[in-house]
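Since chain A is already given, all that's left is putting chain B on it; use the hints.
Respectively, the protein sequence lines represent chains A and B.
To convert, note that position 104 of the first sequence is 104 in the numbering used here; the numbers rise steadily by one, no gaps.
Whatever position you read off the second sequence (first residue = 1), add 1000 for the numbering used here.
These aren't lab readings, by the way, just hints derived from the structure by calculation.
Heads up, a few of these hints could be off.
Said to hold, decoys possible - No more than 25 Å apart at the CA atoms, straight line, and that leaves these computed lysine to aspartate or glutamate pairs for DMTMM-like:
(1) A:LYS63 - A:ASP82
(2) B:LYS1113 - A:GLU26
(3) A:LYS150 - B:GLU1183
(4) B:LYS1113 - B:ASP1184
(5) B:LYS1010 - A:ASP210
(6) B:LYS1113 - B:GLU1183
(7) A:LYS150 - B:GLU1181
(8) A:LYS150 - A:ASP263
(9) B:LYS1010 - A:ASP263
(10) A:LYS150 - A:ASP165
(11) A:LYS63 - A:GLU78
(12) A:LYS150 - B:ASP1057
(13) B:LYS1010 - A:GLU78
(14) B:LYS1010 - A:ASP215
(15) B:LYS1113 - B:GLU1039
(16) A:LYS150 - B:GLU1039
(17) A:LYS63 - B:ASP1150
(18) A:LYS150 - B:ASP1184
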Amino acid sequence: MSTATSQRPVSARRKSGSGMYGRLGEGPMAYLMNVPALVVILSLIAFPIGYSFWLSLQRYNLKQPGLRRFLGLSNYIELFGDAAFRNSITVSAAFALVVVSMTIVMAMTAALVLNESFFGRGFLRSLILLPWAMPGVVNGLMWRWIFDAKVGALNGALASLGFIDSYQAWLTSPVAAFFIACVAEVWNILPLAVIILLAGLSTIPNELYDAARVDRANIVQRFQHVTLPWMLHPLLVVLILMTMTSFRAFDVVYVLTGGGPGDATNVIALQTARTAFAFTDFGRGNAYAYIITLVTLLISVIYISFLYRRGKVDV
Amino acid sequence: MRRRGLPWRKIVVYVLAAFFALWIILPFYWIIATSFMTEADALSTPPDWIPTNPTLDNYLAFIDPSGAGALLGSRAAEAIPYALLNSAVVASMTAVLNLALGISAAYAFARMKFRGSQVLLMVYLATRMVPGVAIIIPFYLVMRSLNLLDTYGALVLSYTTFALPFTIWILKDYFRTIPSEIEDAARVDGCSWWRMMRSVFLPIAAPGLVAAAIFSFMTAWNEFMFALYLTSTANAQTIPVIAANFATDLNVSFTSMAAAGVVAVIPPLILVLIFQRLIVHGLASGAVR
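Same shape as in the complex, but just chain A (with noise of 0.2 Å):
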């Protein structure tokens, strides 16, 4: 969409240019427009990761202050030794990775299906967005009373389909726990997966669909020869942005789970709001929220050198 007015003639560019922003000059005069976002941004986001490091390296827990001082890299050294934070690690890891290859899957099969023309599509199309409009907070609760133990409409469901013959406590099961907090989760970011793949899918040509039909491709090869090679590059970024967000994720599992039973949905968010602000362990909370910026960092380098080598990003 950028692309069509970008392709102006030159001379019409500059025309409009030159001149028009005053005695400054385009180049200056477009930072000096950046100035305000850069100056919130560089102080809220920069700043904050400078001093995080530099906190991680101390002793400082608010509940001994004197205790404060520089210990260098032993709070990262200490973290590969300590059980809560390997736990957590491999709980973050293991949600991503049943989140991420869920909500693939699905929203997937819901782009093709929205693709597709049969009586309802609009509707299905207008729903398809409520979850993305649910706050995290409310997600939890509405799932945490779908699995009550007691009166959940889970149970009630399965029992009247005589699936139970008594009600089950998911949520203290660890495994059931865990997997309900991946779909959980699931439901709540499907739509914006299903959006992109969707806006992937609606700029494949259809007479390639076309072409491929005289070829006697069926519809497995036409999806693999045509709609895949096509959607690579809209998947990729579903992919590492659900990754992402799940990779982060907080407020589902904190209403849902708190974090257990025991501490078998305890993410690595969990653990970290827990190390700094329930034991108020700065130093170490510290260590966490690094690790979590090293891996997201390498994450996004990895999205935004992709993109940049296709030439998406365009200035």
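Using the frame of chain A, we list chain B on its own:
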């Protein structure tokens, strides 16, 4: 190409469409239905799938916590009106601040050619990737030393940092769809740059501005972690924080918990229903590129 026999493709499409419709509607329906039930009906086994004795008591408790059947957990219910007000103020302020900061930056990217613009755009994109949990601890300490804890300021500032990069990207894309000839024409007519922006450019860009404002509003309305740790009283606690209290407080009834959830989801839901097309467009263009 059509073979005889059952139209399998149609059947599969309808089955899947029904699955997705139920996947979205059923959980959603259940929390809404529960919010209109009496506590006794909600606790019955097997569950009543439709509220048999529909009641508004769970909602009325938010307005008058002592009356309306004196429900369990009336202290949590008392907090709801304040939380709604706090959320509305914080989200609106975030939206306005985002537009104020985002418009000029986006205009520069859309209309000017300058060295380093690629890098600058990447900086904005990269800040969008920083996870909240990575900056909440230093954020908390900074807000504490500025005496901003438990105020709107702390929340608005943190939400602006989340939403601003996205705002700039959306606006930049939208501004580029507006032909620059319109600005040239205004200039030829002798408009100053400021006047041209105010009376010509920004009105034309209104749909993009609305989309960006909705995104920032919803980011702020739905956010939980910063609200949880940066606020502590009714001064600034937002609706997700109060709704989470409903979940963790064992004295609160399921029905009032459901009502709190429904109240929290109404504003973003209305925005989504009204501005569906803008939102889909914004999400697709903001995320795909």
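Results of checking the hints against the structure:
no. : hint                  : in the structure
1   : A:LYS63 - A:ASP82     : holds (21 Å)
2   : B:LYS1113 - A:GLU26   : holds (7 Å)
3   : A:LYS150 - B:GLU1183  : violated (65 Å)
4   : B:LYS1113 - B:ASP1184 : holds (17 Å)
5   : B:LYS1010 - A:ASP210  : holds (19 Å)
6   : B:LYS1113 - B:GLU1183 : holds (16 Å)
7   : A:LYS150 - B:GLU1181  : violated (66 Å)
8   : A:LYS150 - A:ASP263   : holds (23 Å)
9   : B:LYS1010 - A:ASP263  : violated (45 Å)
10  : A:LYS150 - A:ASP165   : holds (13 Å)
11  : A:LYS63 - A:GLU78     : holds (20 Å)
12  : A:LYS150 - B:ASP1057  : holds (23 Å)
13  : B:LYS1010 - A:GLU78   : violated (58 Å)
14  : B:LYS1010 - A:ASP215  : holds (23 Å)
15  : B:LYS1113 - B:GLU1039 : violated (63 Å)
16  : A:LYS150 - B:GLU1039  : holds (14 Å)
17  : A:LYS63 - B:ASP1150   : holds (21 Å)
18  : A:LYS150 - B:ASP1184  : violated (68 Å)
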